[in-house]
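**Student:** The lines below spell out each chain.
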Amino acid sequence: MRLLLRIIKFAFQHFFRNFWLSLVTVSMLTLTFLTVDVLLGLNLATDAAINNVEKRVDVSVTFKIGTEEAEVKNAASYLRSLPEVEDVGFVTPDEALTDFKTKHANNPTVLASLDEVGGNPFGYELIVRARSADNYPMILEALDHPSFRDFIEAKDFTSHETVLASLSDVTVKARWFGFTLLAIFLAIAVLIVFNTVRVTIFVHREEISIMRLVGAAGWFIRAPYLVEAFIFSLTALIISGLVVVPAVLIFNPLFDAYFETSSQLQNFFIGQAFWVFGLEFVGAALVCMASTAFAMRRYLKV
Amino acid sequence: MIRLKNVSKIYPPNVAALQHVSLHIKPGEFVSIVGQSGTGKTTLAKLLFAEEHPSCGEVIIGGWDISKIKHSEVPLLRRQIGVVFQDFKLLPKKTVSENVAFALEVAGASVKRIREVVPQVLKIVNLHDCGDRYPRQLSGGEQQRVAIARALAHKPKIIVADEPTGNLDTINAHEIINLLKKINEFGTTVVLVTHNREVVNHLRRRVITLQDGNIISDEEEGRYRL
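Chains as they are written, first to last, in our numbering: chain W, 1 to 302; chain E, 1001 to 1226.
Since the hints were made in silico from the structure, they are not lab data. Remember, predicted model here, so these are calculated numbers, not experimental data. Honestly, I wouldn't trust all of these hints.
Below, a sample of chain E positions facing chain W; criterion: calculated Cβ distance under 7 Å [as the list claims (entries may be wrong)]:
{"id": "1", "residue": "1012"}
{"id": "2", "residue": "1078"}
{"id": "3", "residue": "1079"}
{"id": "4", "residue": "1083"}
{"id": "5", "residue": "1089"}
{"id": "6", "residue": "1091"}
{"id": "7", "residue": "1105"}
{"id": "8", "residue": "1106"}
{"id": "9", "residue": "1107"}
{"id": "10", "residue": "1108"}
{"id": "11", "residue": "1131"}
Straight-line alpha carbon distances no greater than 20 Å define the calculated EDC-like cross-link-like pairs of lysine to aspartate or glutamate that follow [claimed, not checked]:
{"id": "12", "chain 1": "E", "residue 1": "1181", "chain 2": "E", "residue 2": "1220"}
{"id": "13", "chain 1": "E", "residue 1": "1094", "chain 2": "W", "residue 2": "206"}
{"id": "14", "chain 1": "W", "residue 1": "55", "chain 2": "W", "residue 2": "156"}
{"id": "15", "chain 1": "E", "residue 1": "1155", "chain 2": "E", "residue 2": "1052"}
{"id": "16", "chain 1": "E", "residue 1": "1046", "chain 2": "W", "residue 2": "95"}
{"id": "17", "chain 1": "E", "residue 1": "1094", "chain 2": "W", "residue 2": "207"}
{"id": "18", "chain 1": "E", "residue 1": "1089", "chain 2": "E", "residue 2": "1116"}
{"id": "19", "chain 1": "E", "residue 1": "1089", "chain 2": "E", "residue 2": "1051"}
{"id": "20", "chain 1": "E", "residue 1": "1181", "chain 2": "E", "residue 2": "1163"}
{"id": "21", "chain 1": "E", "residue 1": "1005", "chain 2": "E", "residue 2": "1052"}
{"id": "22", "chain 1": "W", "residue 1": "301", "chain 2": "E", "residue 2": "1052"}
{"id": "23", "chain 1": "W", "residue 1": "301", "chain 2": "E", "residue 2": "1065"}
{"id": "24", "chain 1": "W", "residue 1": "73", "chain 2": "W", "residue 2": "54"}
{"id": "25", "chain 1": "E", "residue 1": "1093", "chain 2": "W", "residue 2": "206"}
{"id": "26", "chain 1": "E", "residue 1": "1089", "chain 2": "W", "residue 2": "95"}
{"id": "27", "chain 1": "E", "residue 1": "1155", "chain 2": "E", "residue 2": "1212"}
{"id": "28", "chain 1": "W", "residue 1": "103", "chain 2": "W", "residue 2": "116"}
{"id": "29", "chain 1": "W", "residue 1": "155", "chain 2": "W", "residue 2": "84"}
{"id": "30", "chain 1": "E", "residue 1": "1181", "chain 2": "E", "residue 2": "1132"}
{"id": "31", "chain 1": "W", "residue 1": "301", "chain 2": "E", "residue 2": "1051"}
{"id": "32", "chain 1": "W", "residue 1": "301", "chain 2": "W", "residue 2": "207"}
{"id": "33", "chain 1": "W", "residue 1": "9", "chain 2": "E", "residue 2": "1098"}
{"id": "34", "chain 1": "E", "residue 1": "1046", "chain 2": "W", "residue 2": "207"}
{"id": "35", "chain 1": "E", "residue 1": "1093", "chain 2": "W", "residue 2": "207"}
{"id": "36", "chain 1": "W", "residue 1": "9", "chain 2": "W", "residue 2": "206"}
{"id": "37", "chain 1": "E", "residue 1": "1089", "chain 2": "W", "residue 2": "116"}
For every residue, glycine included, the Cβ atom is placed at its ideal position computed from N, Cα and C.
If we strip away everything but chain E, and leave its shape as in the complex, we get:
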């Protein structure tokens, strides 16, 4: 599903965010990428949805080498990968339903499809009663669930979550992780970027640990070891 072959990312003038990283994530896996701040976790996540391009090496998603992806092809890739961020990235002037619908609107989905999909994904994240509310009327955990619902709108095969619990308290963080587990159980590959020890240890799934841009451990049922 996701394969990185000897990937490095060097920012000018000579800052290496990732160095010769190789990894393989199989379809349906739930992988946590952990490490301290500045170890290259977010850079790795950005490579997966082509927000960044590797300085060298190959990034292959579902057989598609996106290392040198054309600018015009990036939207197609992003419709197959759901992305969730720490700061939710919701539009404050749109309601919950409109925020989710926005992802489908800009991709050219029909009104009929939007009317079908939006309630479905809001139900998955347990916000089916909050469609008419605005982000400011929701708690942090609920806002992150809206972001996840939006990420699910295209029915992606991969969800990349970059520090999704970073702005949340423990209870809300657990809710979000449980939601990601539920999505993973439906067959979606989840790549979770985090430095939350409790979350990683609770998950008991594969853990890839980064340090100074290198993978220092890759364990099937790992724990947070830094």
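One chain only, chain W, in its complex shape:
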């Protein structure tokens, strides 16, 4: 315990006696932490966006004019029996006509064209919503069932498919960009930690030689450098936390409004702060300690 306290004391001495070096190291680690946090935030945003789009995605199945209601209801109950289907909405021709009129109430040309057609130009319609976007191809296949495929006029899914595909494409690209940025910052942080330890060893070479002469054990000489790496990580984590937490509190209402979520950003970064920041810290501390160990192996002869 006594030795541990002395190791911590020496580590803090190293940290403060090379203040500017420590500052650069901590800044780089802070940037790395912030990149990780932005990446996590981006991940949450893309997940929320995908969920949002998925919720809006449906297949609208339009039946030919003159199809009997019983046939349509038969198709609806078949679709409801499929495990992939979340919900099936039933729209009668009259309802479809009313919707159309309401939607185009301000457009007399469109309404006039209805009069020209004469009667109700709409057939029955089913609005099918799947449990997941991946289920749509299967549902479209199911709509080819021989008992009702001849009654179907059109199946509309294409436009949503494009939105989903482009969204996941953007997500993948954003993640790749984030990971590349993270890898660059991490590599710079590792090099800076390595250099800081190298310079600290050089600055303390006299003290190290005296420690050896008066009987300090090798591990006692090395340990403060590892603890210093720990201090770098902890300081950077605290600084990044001081930036991230207020940012989350500020952006949380905007995030909720935009993605129609309920405090998702706050629940993740603040509700699960122990895990989010804890894992970030463990990762950074391990990387810093490995870098320190490598620098010591190379430059600290005890």
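Position chain E against the provided structure of chain W, taking the given hints into account.
**Tutor:** Quick look at chain E alone, frame taken from chain W:
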């Protein structure tokens, strides 16, 4: 206490610093090792606190063969041997007391023990009033006394002093030698490495003379004969 059996130290590619050196130093002795520069005096001193390892032969300290001492055992040896150098090797940013305490701190001594020992050893070297001063505020002789106080912190059985008067004027050199004699009178074995003729002749103690890595004389009440 200290026994060297047929010890040689060869530095690459083929420089012999010591050749087949054998000697025995009994507990409580005060031995001067003399010789001109480059005769192997410092190498011999370094072998005693395992800063160097012999190329062949045995170095035995208090019954412990340190010729092939494990890396992890070196700190234990150094806590039993006090070492003093020509350039003092004090930490400039620490006070006198902190410099002495440092030796105990790194060895894991308790705060209570540090508070007991530091004033004691500073009193032995007559610097009990200078505990709060920094090395730069002391004369060369005083700095060397701080180094001796630090060497005494572990209450060692052996003190190895490598040219401790090399940077000092005659008066300060005599003070340091008298201090080492006083420490020797308390029972500590002192090995003094020097090429200071006046110091050796004044001491009238055992003198081992080295030349080209060999012992050329070993006299009980010797004089500087080179």
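**Student:** All the hints need checking, so say for each whether the structure fits it.
**Tutor:** Evaluation of the provided hints:
1. 1012: With Cβ-Cβ at 17 Å, over 7 Å, it is violated.
2. 1078: At 4 Å from the nearest chain W Cβ, residue 1078/E passes the 7 Å test, so the hint holds.
3. 1079: Interface hint status for residue 1079/E: holds (4 Å vs cutoff 7 Å).
4. 1083: For residue 1083/E, the interface hint holds, since the closest Cβ of chain W sits about 6 Å away, which is under 7 Å.
5. 1089: 5 Å, holds
6. 1091: 6 Å, holds
7. 1105: Cβ of residue 1105/E sits 6 Å from chain W, so the hint holds.
8. 1106: Result: holds, 4 Å to nearest chain W Cβ.
9. 1107: Because about 5 Å separates residue 1107/E from the closest Cβ in chain W, which is inside the 7 Å limit, the hint holds.
10. 1108: 5 Å, holds
11. 1131: Status violated, d = 18 Å.
12. 1181/E x 1220/E: 16 Å, holds
13. 1094/E x 206/W: 12 Å, holds
14. 55/W x 156/W: 16 Å, holds
15. 1155/E x 1052/E: 23 Å, violated
16. 1046/E x 95/W: This hinted pair is violated, its Cα atoms lying about 102 Å apart.
17. 1094/E x 207/W: 11 Å, holds
18. 1089/E x 1116/E: With a Cα-Cα distance of about 23 Å, the restraint between residue 1089/E and residue 1116/E is violated, given a limit of 20 Å.
19. 1089/E x 1051/E: 15 Å, holds
20. 1181/E x 1163/E: 15 Å, holds
21. 1005/E x 1052/E: 16 Å, holds
22. 301/W x 1052/E: 14 Å, holds
23. 301/W x 1065/E: At roughly 23 Å apart (the allowed maximum being 20 Å), residue 1065/E and residue 301/W break the hint.
24. 73/W x 54/W: 25 Å, violated
25. 1093/E x 206/W: Holds, at about 11 Å.
26. 1089/E x 95/W: At roughly 96 Å apart (the allowed maximum being 20 Å), residue 95/W and residue 1089/E break the hint.
27. 1155/E x 1212/E: Answer violated: residue 1155/E to residue 1212/E is near 34 Å, above 20 Å.
28. 103/W x 116/W: 18 Å, holds
29. 155/W x 84/W: Given pair residue 155/W, residue 84/W holds - Cα atoms ~17 Å apart, limit 20 Å.
30. 1181/E x 1132/E: 27 Å, violated
31. 301/W x 1051/E: Measuring from Cα to Cα gives roughly 12 Å; hence the hint holds.
32. 301/W x 207/W: Holds. Residue 301/W to residue 207/W sits at ~13 Å (cutoff 20 Å).
33. 9/W x 1098/E: Within the cut-off at roughly 14 Å; holds.
34. 1046/E x 207/W: 19 Å, holds
35. 1093/E x 207/W: 10 Å, holds
36. 9/W x 206/W: 18 Å, holds
37. 1089/E x 116/W: This hinted pair is violated, its Cα atoms lying about 107 Å apart.
The structure fails to meet hints 1, 11, 15, 16, 18, 23, 24, 26, 27, 30 and 37 from the earlier list, while all remaining hints are met.
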